[in-house]
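J.: Sequence:
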Amino acid sequence: MLAAVFTNLNLLMLIYNPPQQPYLEFIYRDDDLLVLHKPAGLLTVPGKALEHKDCLELRVRRVLPEARIVHRLDMATSGLLLMALNKPTQGELGKQFEQRLVKKQYRARVAGSVNNASGSIDLPLRCDWPNRPKQMVCHEQGKPSITHYERVHVSADSAQHATTETMPWSEVLLTPITGRSHQLRVHMQQLGHPILGDRLYGTPAITAATPRLMLHAEYLAFIHPSTGAPMEFFLPAQF
Numbered sequence: 001m002l003a004a005v006f007t008n009l010n011l012l013m014l015i016y017n018p019p020q021q022p023y024l025e026f027i028y029r030d031d032d033l034l035v036l037h038k039p040a041g042l043l044t045v046p047g048k049a050l051e052h053k054d055c056l057e058l059r060v061r062r063v064l065p066e067a068r069i070v071h072r073l074d075m076a077t078s079g080l081l082l083m084a085l086n087k088p089t090q091g092e093l094g095k096q097f098e099q100r101l102v103k104k105q106y107r108a109r110v111a112g113s114v115n116n117a118s119g120s121i122d123l124p125l126r127c128d129w130p131n132r133p134k135q136m137v138c139h140e141q142g143k144p145s146i147t148h149y150e151r152v153h154v155s156a157d158s159a160q161h162a163t164t165e166t167m168p169w170s171e172v173l174l175t176p177i178t179g180r181s182h183q184l185r186v187h188m189q190q191l192g193h194p195i196l197g198d199r200l201y202g203t204p205a206i207t208a209a210t211p212r213l214m215l216h217a218e219y220l221a222f223i224h225p226s227t228g229a230p231m232e233f234f235l236p237a238q239f
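Residue numbering for the sequence shown is 1 to 239, as defined by my numbering.
Bear in mind the hints are in silico, worked out from the structure with no lab data behind them.
Check each hint, because a few of them may be wrong.
To be verified - Listed next, the in silico DSSO-like pairs over lysine-lysine satisfying Cα-Cα at most 27 Å (straight line):
1) LYS143 x LYS48
2) LYS48 x LYS103
3) LYS87 x LYS134
4) LYS103 x LYS143
What the hints assert, rightly or not - If you anchor each label on the Cβ, the simulated ranges turn out as follows:
5) GLY91 x GLN238: 15 to 25 Å
6) GLY91 x ALA117: 13 to 23 Å
7) THR166 x ILE223: 27 to 37 Å
8) SER226 x GLN190: 11 to 21 Å
9) GLU150 x LEU58: 16 to 26 Å
10) GLY192 x GLN238: 25 to 35 Å
Bear in mind the structure is a predicted one, so any value in this text is a computation, not a measurement.
For each residue, glycine too, the CB sits at the ideal point set by N, CA and C.
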């Protein structure tokens, strides 16, 4: 059974057709760093297989060979991504992430009506090794993982509890305090509201609800390592 699940996940990972337009989108650039828009469906860094080599890092380094990864977004997630243009900047930005000084906010559309206007999810996570790359809640071996959420919209179908062909959904803002792999996806699934289009943690109906994962990194704030100036970026979701 476990082998079958693992095989299915591998098959999903083989279906890789990264978007080509726009090929590369810069939001900001100076002598030390870059802020980019990573589209949904594009890997941040290359995978092991030859067909998974196309990624945001490779595309950027074809133009700016000195560019360095600072953090990552899931392949299925779109939004703001930060890269460094030299080693000192990479180190300083890395420290800001480690010390949780970088502020991040994501927008997501999730299944069903989220009842509470806001709340927090505090569930430790670790890798689900037999079913990699999936993550799982584990109170014995998991690493602390905290996400704050705020409900900003409920679809008409959700509000009326109507039964229609359209799946009811809620739009939420997600603020991760920690940065575990797949944290937002697992936490929302555990809350009972998986993110629409999530083919790893959603039911077949959730997976088929939208052509992409409805998760977008819309806000990023940090301190510029060289100037000390506060930097703040906002990129609206294009769901």
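J.: Range hint 13 to 23 Å: satisfied by the CB atoms of GLY91 and ALA117?
T.: violated (40 Å)
J.: Indicate whether the distance between the beta carbons of GLY192 and GLN238 respects the range 25 to 35 Å.
T.: Holds - the Cβ-Cβ distance for GLY192 and GLN238, about 27 Å, lies within 25 to 35 Å.
J.: Could you say whether the range 11 to 21 Å given as a hint is met by the Cβ separation of SER226 and GLN190?
T.: violated (40 Å)
J.: Take the C-alpha atoms of LYS103 and LYS143, compute the straight-line distance between them, and say whether it is at most 27 Å.
T.: holds (20 Å)
J.: Do the Cβ positions of GLU150 and LEU58 conform to the proposed distance bound of 16 to 26 Å?
T.: violated (35 Å)
J.: For a C-alpha distance cap of 27 Å, please report whether LYS87 and LYS134 respect it.
T.: With Cα atoms ~31 Å apart, LYS87 and LYS134 exceed 27 Å; violated.
J.: Can you confirm whether the C-alpha distance between LYS48 and LYS103 stays at or below 27 Å?
T.: violated (31 Å)
J.: Can the restraint linking LYS143 and LYS48 be considered satisfied, given a maximum Cα separation of 27 Å?
T.: It holds: about 26 Å lies between the C-alpha atoms, which stays within 27 Å.
J.: For the hint 27 to 37 Å, verify it against the beta carbon of THR166 and that of ILE223.
T.: violated (43 Å)
J.: Taking the beta carbons of GLY91 and GLN238, is their distance inside 15 to 25 Å?
T.: violated (33 Å)
Going down the numbered hints, you'll see the structure goes against 2, 3, 5, 6, 7, 8, 9, while the others check out.
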